[in-house]
Amino acid sequence: MVKPLKNLDDVTIRFAGDSGDGIQLTGMEFTKTTALMGNDLSTFPDYPAEIRAPAGTLFGVSGFQIHFGSTEIYTPGDQCDVLVAMNPAALKVNLNSLVDGGVIIANRDGFDAKNLKLANYAVSPLDDGSLSKYQLHIVDITKLTGLVLTDMNMSSKHIDRCKNFFALGMMYWMFNRPMDATIEWIKSKFAKTPDFMEANTRVLQAGWNYGETTEIFAVRYEVKPAKLDAGTYRSITGNEAIAWGLIAASVKSNLELFLGSYPITPASDILHELSRHKNFRVKTFQAEDEIAAIASSIGAAYAGALATTTTSGPGVALKQEAIGLAVMTELPLVIVNIQRGGPSTGLPTKTEQADLLQAMYGRNGESPVCVIASQTPSDCFGTVFEASRIALKFMCPVMFLSDGYLANGAEPWKFPNADDLPEIPVSFRTEAEGFFPYSRDEKTLSRPWAIPGTPGLEHRVGGLEKQNITGNVNYESANHELMVKLRQEKIDRIANDIPLAEVEGDTEGDVLVVSWGGTYGSIKTAVTNKRKEGKSVSHLHIKYLNPMQKNIGEILYRFKHILVPELNLGQLSKVLRFKYMVPTISYNKIQGLPFKSVELEKKIDEVLGMK
Amino acid sequence: MSLLQELIHQTQQTFVQPKYSAKDFQSDQDVRWCPGCGDYSILAQVQRIMPDFGVAKHNIVWVSGIGCSSRFPYYMDTYGFHGIHGRAPAIASGVKLARPDLSVWLVTGDGDGLSIGGNHFIHLLRRNIDIKVLLFNNQIYGLTKGQYSPTSEYGKVTKSTPHGSVDHPFNPTLLALGAEGSFVARTLDRDPKHMQAILKRAGEFKGCAFVEIYQNCNVFNDGAFFTFTEKETKDDNVLFLEHGKPMVFGKEKNRGIKLDGFTPRVVPLGDSVSQNDLLVHNEKDSTLAFILANFSAMEGMPRPVGIFKAVERTTYENDMELQIQKAEAKKKGDLNALLRSGQTWKIG
Ligand SMILES: Cc1ncc(C[n+]2csc(CCOP(=O)(O)OP(=O)(O)O)c2C)c(N)n1
Ligand code: SF4
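As they're listed, the protein sequences go chains L and X.
Number 611 marks the last residue of the first sequence (my numbering); no jumps.
Number 1348 marks the last residue of the second sequence (my numbering); no jumps.
Same shape as in the complex, but just chain X:
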């Protein structure tokens, strides 16, 4: 038995898992985000759902990059790794590949994950390493005090773009789908119930699960998502995706989405159009997921939130382990045999 196997074995023998509450996941560190920051809500929802997974605290690792959001692991009473800017996906990959027995979660910001870490981000998704990725999207750089980010809208005026940004933004959900993400979802910092439901689904998903969370940075980009999060405007502008359900939205539930060829259209429900005519959400349909993710770029379309896609496929660490087991079954590693392999000769 390797040292690691011994340790895992030993703890399984002796550890009796307590029944956790949200409090058990709060570390002893002071939370230091600006008052009113959307990050607080995300932290609270995560702590609330963590007990539901039935995973022992010591088998959970939170990994992050650098940014306001990336302070997250300090506030979780689990194992944690606050990495370097943009590299959290790679650090988390190493943790998970070395230790498939651990539950690995990753926190990143839109700057951290999509700017400096864009490369690592797409590769994590395509490999499908079983890591839960929470991208806190506030469409701004918080920690460095308010420069535009890769998700900021074209023309955004910030300290580094006093004349307006001439960068075109990424749509993280579309990017995640393009990177072959197996599980792609979006939720809102100001909708705790929705967030809990989505995070739970992500946590239970076997494979890489990506969740974009619209997060309000009340200091540098206040209200960026208010259209989608505030009572007055939310219902008319957000489409809540539910698997198997027709796509209805609006305060009066009186509008729906129909497909016109490949083009989605908003249609009023009434005499000529019934719910039966509407597009039905299907998490297993990745083409549909692309169409939905693209709503953001289309005038007049509601913003979809929920699970765009959830399609299981083999995970990287599983395949890696299978190859190892196959190689071991064929011939277990023997250092002497290795040293003597090939041609050797004797002298004297």
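Pulled out of the complex, with its shape left as it was, chain L reads as follows:
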């Protein structure tokens, strides 16, 4: 029987189950295959902070959402069209994100008495008619997996581990995707354990066959490739892009890369990734804590390396005194902050955008730091490259902001050719004649990078106030004021070295939606939708947060209303009001979750209605 193929522009699927169910892996495999098919896509992994949360519990649910389509995709999707629920908790936690009429694929075997109780269901939702507004498909995934593997002499625990591949196989069938890439992956992953290789391949195939032969799925869907720019693509997560962007900056500046870091979610993957690339002469140092991590990076910067330190909000809090030291010693340093929910340990695995003020003002004394934020996973590459360029050119610390949502989210990336990336010109001072450690470049105000090992340039730096030019310790009042102003001016002058901001949409009108960081995608989607309706709405995304691009004020003044949606209590809003004296309208969400476009659209409508 050939089942009809229905064409869709875009679809969102959410896989959900216990954190031990291999949900993230299932999602990643589906993502890889979908990328290879030429769809544009965006993903949202959403998992608990507990490493092995107790099975079946509501707080132990791990989810992976992928939004893909034949058009350009900017977000992982507000709601899902298909929900794969491996147990009752997964269903309960995710049902509110399923569209009315959406598809549920439920693993019947996961809905046993124990799991129902853990999810607080008195009766099974699969049987009580409560899911009647959805297309409910109940599949005995665990049992079927077991049947496929009866002759394999595997323990029930191992059989159970394979069941996610059954679900993946069904999804591959339903959305008409090839299984080759996943089969290849299984082959390499289980090269040393042929039994698992065989088992997982069989189960994946069985899931596909199930879709093909049973009557329960009446249709399958086709999502045609997107019309993306011609070129070669790969899929990349935000954290991978940061690691690679730093390597690229090291290659293009001809400097050795040094990373001092201490593990913290969701930044650790950058440390992991960089540690794998020693063949680029990358030096990764897992320090004893965040303070040691940044202090070692400062030492490395002093000694002539492209130095970086990667962390998340609580780690930045610990590093602040040392950041001040980097400000005072005027050394180049890239500080990567993958923001997460706070304060304190907060929501380790959930996203938030609340470190902007910490980045800009979180130190003692007048301590200006350049701040720059990435907007999509793949954009992390170019943005961290830019952060490195600025740090090296202006001899200053640069704080690079990303967030949990960008860090783990993946998207297709038309990656650049190495030769097309700009060089980062760096020169160490070698001329002893006329050398002063704090003399300044006329244009950038940066001081010379005179590294140990250079004859005749022996000098001392440190956290005590410096006399301008000589760099000697100096407590004179007039000198301190001069130095405070010079350090500020140096950061301000970065504005001369960055492109002007561009508005997406008309350059004047009723509402300007201003965004920064990882909310770019949802806000762009919302604004695009409103513009399609003919509404006077434009979008300004601010990548350079300190200093801001020179034309930001000009842009702001041309709109009647300025709406600033943020995943915090209004931090960019505060900065804009203070800097440009504009009345901003804050729209805030602090739930550890990204914005939904519908939420934003509703808010935009509300602002449009304001007089």
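Check the hints yourself; a few may be wrong.
Result set (BS3-like, lysine-lysine): computed pairs, CA atoms no more than 25 Å apart in a straight line [what the hints assert, rightly or not]:
#1 L:K278 <-> X:K1326
#2 X:K1019 <-> X:K1200
#3 L:K278 <-> X:K1330
#4 L:K227 <-> X:K1326
#5 X:K1330 <-> L:K252
#6 X:K1332 <-> L:K252
#7 X:K1332 <-> L:K278
#8 L:K589 <-> L:K602
#9 L:K603 <-> L:K589
#10 X:K1346 <-> L:K414
#11 X:K1331 <-> L:K278
#12 L:K189 <-> X:K1331
#13 X:K1251 <-> L:K224
#14 L:K6 <-> L:K224
#15 X:K1330 <-> L:K192
#16 L:K252 <-> X:K1331
Not the full set, but computed from the structure, chain L residues with beta-carbon under 7 Å of chain X [what the hints assert, rightly or not]:
#17 L36
#18 Y233
#19 R234
#20 K278
#21 N279
#22 K283
#23 I298
#24 A300
#25 Y302
#26 T454
#27 P455
#28 G462
#29 G463
These are computed hints drawn from the structure, not numbers from a lab.
Where is the CB? At the ideal position from N, CA and C, for every residue including glycine.
Following the hints, complete the assembly by docking chain X with the ligands onto the known chain L.
Structure of chain X with the ligands alone, referenced to chain L:
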């Protein structure tokens, strides 16, 4: 060649190393410790021995934390980094890991190194990064004007402990041994010859070398170590450790150390006990080093100074470099290859 390699290469071509004297290591900055401070002597001894290493001035970096002692780098005409409180070990680690070609020295105080920087201190030693660590122990906070420090004795009366401190002190040497220090030594600010000898050994050691220096803070803790540094009492209270030599001390060289099981005892030399019966110092014996370091806690034992332990082992930066070379030999980094690695696909 990386920018750095180019620079190193270039300077090696052009630089003719002068013959240094102590004066060459004096910077143009005024030394601003209190008159009579033990730090002066340490600075002078360091400047005296620096020429002996035959290392060019521009290849030497002094790193410090915060405290009176940590002003040290300003006074050395080499490269220098005056850091933040307690973090000198981490800053110095970064310098050395980025640049194994440099000779890196670290100055810290007992407050700086063992209080706020205690964590970094132990990790530096365990990693065995080739950095020379000089801990100026004055058993007090100098710069903040006289609060007790982690090495101050129990019951110490200071501004912050008017009723006497109820903190028990660290023994820095014991701590350094516990942190797996490869080279652990102790010397005295008021014994220039001894200090020079110890600092020279530390400077020549391949690996992390820790030297505790008893330093007199004549303003806030005057005389804390006088028992061990002053002529009248020194000989009877200090045991000078020498590798391969029996442990003899006392003005008349008439007392020695013997082991009774694991317990060290002071014994009088004479008819029944000869030098042959005494404990012989061995820098390679780390168990012995622990026993010696613990003398401080034992009533009636002399205070050992000298090299407790000197055992070479692989350094962190060496292992790091070897891994890099191995990775490079396998496949040199190629940015395009990295960007294209894994799965890619073409559109259009
Ligand atoms: C973060 C921070 N906390 C506290 C201080 C104040 N502080 C400066 S030096 C010092 C103690 C110094 O004692 P020690 O290391 O024994 O050095 P000494 O001055 O005795 O040589 C303290 C508490 C500081 N500078 N920074
Ligand atoms: S306070 Fe003490 S340690 Fe500091 S300089 Fe004066 S005497 Fe030396």
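Hints, verified against the model:
| no. | hint | verdict |
| --- | --- | --- |
| 1 | L:K278 <-> X:K1326 | 9 Å, holds |
| 2 | X:K1019 <-> X:K1200 | 18 Å, holds |
| 3 | L:K278 <-> X:K1330 | 11 Å, holds |
| 4 | L:K227 <-> X:K1326 | 43 Å, violated |
| 5 | X:K1330 <-> L:K252 | 22 Å, holds |
| 6 | X:K1332 <-> L:K252 | 16 Å, holds |
| 7 | X:K1332 <-> L:K278 | 9 Å, holds |
| 8 | L:K589 <-> L:K602 | 14 Å, holds |
| 9 | L:K603 <-> L:K589 | 12 Å, holds |
| 10 | X:K1346 <-> L:K414 | 9 Å, holds |
| 11 | X:K1331 <-> L:K278 | 10 Å, holds |
| 12 | L:K189 <-> X:K1331 | 22 Å, holds |
| 13 | X:K1251 <-> L:K224 | 95 Å, violated |
| 14 | L:K6 <-> L:K224 | 11 Å, holds |
| 15 | X:K1330 <-> L:K192 | 23 Å, holds |
| 16 | L:K252 <-> X:K1331 | 19 Å, holds |
| 17 | L36 | 5 Å, holds |
| 18 | Y233 | 5 Å, holds |
| 19 | R234 | 5 Å, holds |
| 20 | K278 | 4 Å, holds |
| 21 | N279 | 4 Å, holds |
| 22 | K283 | 6 Å, holds |
| 23 | I298 | 6 Å, holds |
| 24 | A300 | 4 Å, holds |
| 25 | Y302 | 6 Å, holds |
| 26 | T454 | 6 Å, holds |
| 27 | P455 | 5 Å, holds |
| 28 | G462 | 3 Å, holds |
| 29 | G463 | 6 Å, holds |
When the structure is compared with the earlier hints, violations turn up for hints 4 and 13 and for no others.
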